[in-house]
Amino acid sequence: MRAVNLIPSEQRAGASVGAGRSEGVAYAVLALIAGFALLAFLYGSAHHQVASRRAQAASLSAQAQQAQSAAEQLAPYTSFIALREQRTQAVASLAESRFDWAHAFHEFGRVLPSGTTISALGGTIAGGAATSSLSLSQSSSAATAAATATGATPAGSIPTFTVSGCAKSQPTVALTLQRLRLIDGVKEVTLQSSASSGSGGVSTGPGCTGRDATFSATVVFDPLPASSAVAAVAKTVSDPDAGSASASSTSAPSTSAATTTSTGVAK
Amino acid sequence: MSRERTALIAVALVAILGAVWLLVVSPERKQANQLSAQVIAAKSQLASAESKEASARTAQSQYATAYAAVVSLGKAVPASDEVPALIDQLTQASNQKNVDFNSITSGGSGSSGTSASAAAASASSALPFTFAFEGSYFALEHLMRQLADFAKLTPKGTIRVSGRLLTIQSVKLAPSGSLTSPNKLTGTVTATAYTMPATASPTLTSPTGSSSPASSTTSAASSPTAPATVTVNP
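Sequence order for the protein chains is D and S. Here the first sequence is numbered in the numbering used here, starting from 1 and rising by one per residue. Here the second sequence is numbered in the numbering used here, starting from 1 and rising by one per residue.
Hints are computed from structural coordinates only; laboratory data are not their basis. Note that the structure is a prediction, hence the values are computed from the model and not measured. Incorrect hints may appear among the rest.
Said to hold, decoys possible - So the derived list for chain D, only partly shown, Cβ under 10 angstroms to chain S, looks like this:
#1 32
#2 66
#3 70
#4 84
#5 88
#6 91
#7 98
#8 99
#9 109
#10 113
#11 121
Unchecked claim - With a Cα cut of at most 30 angstroms, we get these calculated DSBU-like pairs of lysine-lysine:
#12 172(S) to 168(D)
#13 187(D) to 156(S)
#14 187(D) to 168(D)
#15 172(S) to 187(D)
Beta carbons are placed, not taken as given, at the ideal position from N, Cα and C, and that holds for glycine.
Take the sequences, apply the hints, and build the full model.
Written out as structure tokens, the structure reads:
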């Protein structure tokens with residue numbers, strides 16, 4: 001008798017497990033479908049990102065353009081503020097670079113000893129007359145705005161005074177020279193001449209009497225400082241005339257210190 | 001045979017899926033990444049534009065104050081020579097300090113005051129003048145203070161403007177020779193006034209459409225019509 005194997009051929013030992021009648025094709029199809037599903041998901045996700053980001057970029061660009069347009073529309077205001085800054089700095093620089101003449105005259109009146117008379121007093125600032133300029137350049141960009149202001153008395157200029165007068169005696173002239181050195185900001189005091197009427201027939205100067213000694217001296221002040229640091233902090237401008245509260249423009253220095261009886265220069 | 005077939009199917013499967021990845025999915029993801037970079041750039045651009053706009057809005061809100069400041073500064077450094085206003089200011093200051101204001105000479109050549117206009121017309125930014133005053137020593141000293149205080153920088157950093165900015169270069173005091181007032185001196189002052197270059201004035205166009213020139217300094221010295229927002233320091 002011939003033996004007959006009743007086990008289905010796909011289930012016999014040695015046959016591939018799960019291959020079934022399609023011999024694995026079904027699994028392949030399933031894997032393919034799963035792979036396609038995964039890829040479809042990834043594609044959809046990426047497509048969604050593309051769409052949303054494209055819309056977001058367009059929206060942001062539109063907003064940026066709108067803001068840019070508004071900024072350009074308001075650009076004159078920005079330029080005007082820059083102009084204000086330039087002018088403020090320029091004026092502050094010019095104002096600060098000046099020599100305080102009133103203070104110098106006050107100091108002369110303060111230090112002169114009794115018995116000394118001034119017949120002429122002149123002051124000048126050397127090296128400043130040729131370089132006065134005020135330049136303001138306006139630019140569309142506030143960052144490139146520049147202001148330069150060089151006054152008629154730029155930094156480094158040296159104020160120099162020439163004093164001529166009379167003194168009761170030569171020691172008084174010496175005392176006068178010592179007192180002149182006490183003036184605020186004085187760097188150097190140089191005697192040009194000092195002669196009494198009895199010495200060699202020298203005539204007395206204007207306002208001098210008797211045997212007074214006429215003298216002439218040069219007073220050199222410290223060079224004017226740079227004012228850039230001060231100008232940089234100047235931000236506000238006040239106008240006493242514009243408001244109702246009119247501020248007094250000056251506080252005159254005290255004149256009580258002057259005790260010299262003067263004929264040429266009144267004190 | 002069955003194994004070979006399975007391997008073949010697997011390879012075909014991978015090939016198909018790989019092709020789909022390379023041809024369809026990957027480009028889309030790449031595009032998404034590129035757009036992500038574009039979004040970041042657009043955000044940066046927006047931030048910059050918004051910053052500029054905010055700055056401009058701030059400038060707009062400060063316009064009134066800035067205008068008042070420019071008007072005040074125009075009083076110190078006007079756009080034109082403004083010699084009449086300067087004479088008025090000097091006369092007023094002299095009267096306040098009991099000083100006689102005798103003469104004003106434009107430049108150093110001894111020409112009359114009419115040549116000051118010519119100097120300004122030539123776009124000169126510095127106008128030299130020579131003034132002659134007559135008064136007592138301390139009256140002249142106080143006048144010097146007054147002239148300096150026309151435009152003054154306070155210790156707080158505020159510029160206080162009440163007149164023309166003058167830089168005095170030289171002062172000479174000598175007896176006036178007056179028999180009636182022997183104590184009077186003649187003070188000869190060489191000073192420089194300044195004008196603002198006209199090119200520094202932009203034209204403002206307000207958001208409402210009205211156009212207003214900002215060259216207010218042209219007439220600022222003679223017509224100080226500053227808005228009420230001017231800061232006044234006591």
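Taking the hints in turn, this is what the structure says about them:
With 10 angstroms as the threshold, the beta carbon of residue 32(D) comes within range of chain S, its nearest partner Cβ sitting at about 6 angstroms, so the hint holds. Contact between residue 66(D) and chain S, as hinted, is supported at the beta carbon level, the nearest pair being about 8 angstroms apart and thus within 10 angstroms. Hint status for residue 70(D) relative to chain S: holds, with the closest Cβ pair at about 5 angstroms, below 10 angstroms. Checking residue 84(D) against chain S: minimum C-beta separation of about 4 angstroms stays under 10 angstroms; hint holds.
Using the Cβ-Cβ criterion of 10 angstroms, the hint placing residue 88(D) at the interface with chain S is satisfied: the shortest such distance is roughly 6 angstroms. Look at residue 91(D): its Cβ gets to within about 5 angstroms of chain S, closer than 10 angstroms, so that hint holds up. Of the supplied interface hints, the one on residue 98(D) holds, with its beta-carbon coming within about 5 angstroms of a beta-carbon of chain S, less than 10 angstroms. The criterion of a C-beta within 10 angstroms of any C-beta in chain S is met by residue 99(D), whose closest approach is roughly 7 angstroms, and the hint holds.
For the restraint placing residue 109(D) at the interface with chain S, the shortest Cβ-Cβ distance is roughly 7 angstroms, inside the 10 angstroms limit, so the hint holds. Contact between residue 113(D) and chain S, as hinted, is not supported at the beta carbon level, the nearest pair being about 16 angstroms apart and thus beyond 10 angstroms. Hint status for residue 121(D) relative to chain S: holds, with the closest Cβ pair at about 4 angstroms, below 10 angstroms. As the CA atoms of residue 172(S) and residue 168(D) are separated by approximately 24 angstroms, the hinted pair is consistent with the 30 angstroms bound.
Proximity of residue 187(D) to residue 156(S) is assessed by CA-CA distance (about 28 angstroms); at most 30 angstroms being required, the pair is judged to hold. Restraint check: the Cα-Cα separation between residue 187(D) and residue 168(D) comes to about 26 angstroms, which is no more than 30 angstroms; the hinted pair holds. A hinted pair counts as satisfied when its Cα atoms are at most 30 angstroms apart, and residue 172(S) with residue 187(D) qualifies at roughly 20 angstroms.
When held up to the earlier numbered hints, the structure conflicts with hint 10 and nothing else.
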